[in-house]
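Enquirer: The primary structure of each chain is shown beneath.
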Amino acid sequence: MLPFLIRRLAGLVFLLLILTMLVFGLSRALPGDVAAMYVGLKAKPEQIQKARLELGLDKPVHVQYLRYMGRLLKGDLGISLRTHRPVARDLKEKLPLSLEIVLLALLISIALGLPMGVVAAFKRDTWIDSAVNMIGSAAVSLPIFFLALLLQLVFFNWLGWFPLQGRISTMMEFRDPLPAVTRFGLIDALLAGDLEYMADMAWHMFLPVVSLASIPLGLVARLSRSSLLEVMQADYIMAARASGVGETVLFFRYGLRNALSPVLSIMGLSMALMLLNTFYVEQIFNYPGIGYWALASIFSLDYPVLVAITLVLGAIYVLSNTIIDVLRRWVDPRIK
Amino acid sequence: MTMKDELKYKHLAEQAAREHRRERKIRTIAFLKRKSAAAALLVLVLITLAAVFAPLVAPYPDQGKGAVNLGERLQPLSGKHLLGTDTFGRDILSRLVYGARVSIFGGLFIVCAAALIGVPLGLWAGYSEGAPGVVISRIGEILISFPAVLIAIAITTVIGAGLTSAVIALIIPWWPWYARIIQGEVLRLKRMLFVEAAQMLGYGKSYILFRHLLPNIMRTVMVMMLLDFGPAIISIGLLGFLGLGTQPPNADWGLMVWEGAPNLMQQPWIAISPGAAMFILVMAFNIFGDNLQDYLDG
Amino acid sequence: MSVKQKEKPILEVKDLVAEFTTAAGRLRILDGIDFSLFPAEILALVGETGCGKSVTAKSIMNLLAEQVCKRRGKVMMDGVNLLDLSKKQMRSYLGRRISMIFQNPIASINPVFTLGEQIRRLVRIHMAGEITRVKSELGCTTAAAIDRLAAANLEKVGLTDVDQLMRAYAHQISGGMAQRYRIATAVLGNPDVLIADEATSALDVTVQAHILRLLKRLSAEKNTAIIFITHDLGIAAQLCQQVAVMYSGRIVEVAPTAELFKNPLHPYTRGLLKAVPQLSRKTGLEHIPGTIPDLRNPPSGCRFHPRCRQAMERCRRLRPPLVETKSHQVCCHLYDAGNKEAAWAKS
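Chains as they are written, first to last, in our numbering: chain B, 1 to 336; chain A, 1 to 298; chain Z, 1 to 347.
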């Protein structure tokens with residue numbers, strides 16, 4: 001296990017290095033005066049020149065890169081060109097917000113998707129099977145921004161069940177901020193005993209989470225169904241049946257365990273997918289997470305933020321894949 | 001073998017080939033009889049025809065292309081405008097028809113280009129193990145983790161926003177998926193005996209690649225491409241939504257949704273129509289692709 | 001017929017028919033199988049690939065999906081027709097009265113659980129009485145009793161290092177060990193009948209010999225009858241007391257082993273024996289001309305008649321009846337007593 005983890009860590013570092021180089025190089029190679037952007041539209045040439053020296057933009061690109069990496073290792077991610085705030089601070093605030101809805105969405109997609117797929121396989125070729133297949137296909141075919149807008153239209157405008165946007169109601173904002181323990185809003189509110197706050201946040205998070213969960217739900221439901229059906233054709237299932245093992249045990253214990261491996265893989269993929277989808281969902285729901293921030297930074301070519309976000313996304317991607325691989329190893333001892 | 005035996009075996013072989021063809025015909029007919037496959041195929045054909053013959057199908061072709069009609073802004077569904085009008089008074093149905101062109105042909109281009117790049121690279125990487133395989137693998141891994149949005153922005157700032165930059169931006173992280181899967185398939189098939197046999201008989205590398213490996217992989221590639229159209233269309237829509245695809249006043253489904261978002265509550269049809277169109281088209285592709293997969297497996 | 005004629009057969013198959021519904025139509029894979037199996041007897045079921053041997057085994061054990069395969073006929077075991085039982089009722093027979101081992105032993109073991117976990121489950125299902133006995137004898141817990149019984153069963157089939165083996169996974173053991181393991185799991189319920197479907201075809205020749213010896217020993221010790229399905233006449237000769245030859249969904253000849261080899265009656269059996277290479281023979285290998293019938297359009301009458309050198313007019317029209325001579329059971333018009341042509345055609 002240990003050498004495997006070390007290899008993974010090395011791979012992660014390598015990937016991050018390449019990513020940072022690419023993003024850094026890309027944003028520096030593009031037309032657009034960074035210093036001018038930093039100082040603003042109405043700046044005088046001397047101010048721009050001063051900013052250029054300050055930001056170290058007069059040095060060659062590779063020197064800039066090395067200086068950046070040096071600062072990075074000390075935890076200094078630079079200053080945002082757009083907001084003039086330290087990137088690291090913004091990151092610390094916004095990342096947990098997005099992770100919260102992404103993880104919730106992942107949880108829901110498994111909690112609903114896996115049973116759906118299993119039941120569909122157990123009752124194959126019945127109406128349940130067709131229904132699950134239809135739902136799964138539909139979930140995967142819905143463009144996420146369309147779903148988000150649709151949910152807003154139906155659940156806010158027509159039914160009035162959920163709020164339009166944001167993370168907490170404006171009234172709540174006047175309260176004292178929560179003690180930041182985990183920075184996961186729901187958990188912090190629970191720990192502080194402030195259930196009203198927690199309920200309000202959950203109420204706001206509901207529609208964004210549903211939007212994010214749709215695609216993974218469809219993927220998990222369809223994949224677990226087909227994987228399970230394939231597994232049930234295996235020799236060892238027939239052999240166990242011939243030895244007198246009962247149908248339910250055969251399906252839910254013998255079969256299911258073997259079918260989980262591809263489902264776990266797709267969950268790893270879904271993680272990356274959902275992180276990218278937060279760009280759209282947070283925009284539409286005005287949710288102050290990392291996706292919202294990323295989109296604004298992309299359009300303003302705010303390269304310190306861009307590099308930081310790329311690093312974070314890349315790291316999360318590899319970490320979640322590593323966790324998935326560990327889980328797969330635990331489920332299926334054949335994987336080395 | 002005597003002359004008589006030769007003729008007899010030839011006759012048996014022909015008989016077998018005939019029966020195989022007959023079996024395929026039976027299966028194709030059964031496949032087309034399935035309601036979902038037929039319905040999906042119908043939808044696909046209709047939308048494609050509408051896209052190709054847009055000037056003839058759209059009730060107001062100029063508005064479809066972008067001409068404004070400020071006198072009739074924000075009209076709800078009516079006899080004159082079947083799907084209403086948008087903030088510029090343009091007929092939404094016409095815009096949908098013209099937008100279909102972007103989605104379908106853009107999607108087609110992306111998938112074909114990604115396959116054309118990815119499949120040969122995957123074949124090569126898989127067959128010649130060692131350095132080329134690893135290099136392509138690594139490059140692929142990195143490209144896959146790159147958000148297409150970022151690449152799109154980069155290309156946009158260089159060559160300007162538009163469908164071209166969106167398509168290029170999507171192809172770049174798209175082809176590694178094909179390369180990886182093909183690489184895996186080649187590695188798997190390589191271990192099979194018929195390749196070893198061919199090698200032992202002295203056939204060259206490229207001959208084996210094209211004559212033996214490619215046909216086996218073709219089937220996989222075809223299904224992959226078909227099932228890939230849906231995601232491609234959605235991706236074009238996603239970029240269009242951000243304004244990184246076709247530029248206004250041209251019609252693009254993603255762009256139309258974004259244009260309709262501010263008026264979502266009062267005039268929902270502006271945003272809902274293009275979104276629903278995307279959903280229906282992608283759903284049709286997925287259903288057809290699923291059925292095709294069953295047919296090929298069965 | 002059999003030497004043990006006085007005993008009652010433990011399994012009697014009469015006119016077993018199996019029809020498959022496929023995209024190509026209804027295929028009659030089994031066209032009336034007849035044979036009897038006596039206690040502790042080892043019967044070989046021999047035939048080419050595609051003649052329906054596996055389907056026979058799976059039909060007897062109801063392992064085929066009902067929507068795909070319809071069975072008719074009689075499979076009598078202790079006065080009960082197994083074909084009349086529902087899948088749930090059949091389950092009480094599987095592993096306890098009748099059991100099966102398969103061709104690919106490693107693929108027959110669940111790869112994600114340890115060998116120990118799997119055999120313990122079967123001990124729990126089939127050896128309830130034994131568990132109580134061991135518990136009272138040794139005064140231990142149920143789990144410990146199950147462990148002991150599992151280990152004992154594994155040792156009985158000749159496996160060593162049982163404790164380590166129980167912690168291993170399917171992909172970590174050899175084919176021979178896997179098949180021994182599978183045999184252990186199949187016989188721990190003390191079944192009356194064990195079906196071995198090409199059980200040694202995927203193993204090395206030396207390992208094959210061991211497994212055959214093991215089966216012979218178990219059959220004698222536990223009084224278990226074995227149906228040994230194979231395409232290898234040599235193995236049939238080594239292991240079995242009776243041989244049943246199968247062709248395209250019918251059992252064309254049944255006889256004691258020595259008798260069959262010495263005096264094959266059915267033309268197909270004769271063809272098979274002539275096709276086996278023998279060092280003593282000076283002439284070349286003879287083969288049976290033609291190929292096995294396409295079941296979408298099977299031959300009329302006797303399914304073998306297109307390839308039979310001794311085919312008569314009625315072979316094309318009528319399905320051959322089951323004829324019993326003093327030593328053989330054969331399905332051929334040549335031996336039909338009521339067939340006047342047979343008298344001079346017999347050679």
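None of these hints come from the bench; they were simulated from the model. Cβ coordinates follow ideal geometry from the N, Cα and C atoms, glycine included. Any given hint might turn out to be false.
Said to hold, decoys possible - Straight-line Cα separation of at most 27 Å, DSSO-like style, residue types lysine-lysine; simulated pairs:
1. 14/Z - 58/Z
2. 262/Z - 326/Z
3. 88/Z - 123/B
4. 262/Z - 123/B
5. 8/Z - 58/Z
6. 74/Z - 123/B
7. 92/B - 74/B
8. 74/Z - 274/Z
9. 262/Z - 70/Z
10. 123/B - 35/A
11. 14/Z - 70/Z
12. 14/Z - 123/B
13. 65/A - 80/A
14. 262/Z - 274/Z
15. 44/B - 59/B
As the list claims (entries may be wrong) - Label pairs and their computed distance ranges (CB to CB):
16. 29/A - 13/B: 55 to 61 Å
17. 131/B - 81/Z: 23 to 29 Å
18. 19/A - 13/B: 28 to 34 Å
19. 323/B - 174/Z: 30 to 36 Å
20. 318/Z - 247/B: 39 to 45 Å
To be verified - Reference excerpt, derived from the structure (chain B facing chain A, CB under 10 Å, subset only):
21. 19
22. 156
23. 222
24. 272
Enquirer: State for each hint whether it applies.
Expert: Quick rundown of the hints versus the structure:
no.: 1; hint: 14/Z - 58/Z; verdict: holds (16 Å)
no.: 2; hint: 262/Z - 326/Z; verdict: holds (15 Å)
no.: 3; hint: 88/Z - 123/B; verdict: holds (17 Å)
no.: 4; hint: 262/Z - 123/B; verdict: violated (54 Å)
no.: 5; hint: 8/Z - 58/Z; verdict: holds (23 Å)
no.: 6; hint: 74/Z - 123/B; verdict: violated (31 Å)
no.: 7; hint: 92/B - 74/B; verdict: holds (15 Å)
no.: 8; hint: 74/Z - 274/Z; verdict: violated (34 Å)
no.: 9; hint: 262/Z - 70/Z; verdict: violated (38 Å)
no.: 10; hint: 123/B - 35/A; verdict: holds (21 Å)
no.: 11; hint: 14/Z - 70/Z; verdict: holds (16 Å)
no.: 12; hint: 14/Z - 123/B; verdict: violated (34 Å)
no.: 13; hint: 65/A - 80/A; verdict: holds (18 Å)
no.: 14; hint: 262/Z - 274/Z; verdict: holds (12 Å)
no.: 15; hint: 44/B - 59/B; verdict: holds (22 Å)
no.: 16; hint: 29/A - 13/B: 55 to 61 Å; verdict: holds (57 Å)
no.: 17; hint: 131/B - 81/Z: 23 to 29 Å; verdict: violated (39 Å)
no.: 18; hint: 19/A - 13/B: 28 to 34 Å; verdict: violated (59 Å)
no.: 19; hint: 323/B - 174/Z: 30 to 36 Å; verdict: holds (34 Å)
no.: 20; hint: 318/Z - 247/B: 39 to 45 Å; verdict: holds (43 Å)
no.: 21; hint: 19; verdict: holds (7 Å)
no.: 22; hint: 156; verdict: holds (8 Å)
no.: 23; hint: 222; verdict: holds (9 Å)
no.: 24; hint: 272; verdict: holds (7 Å)
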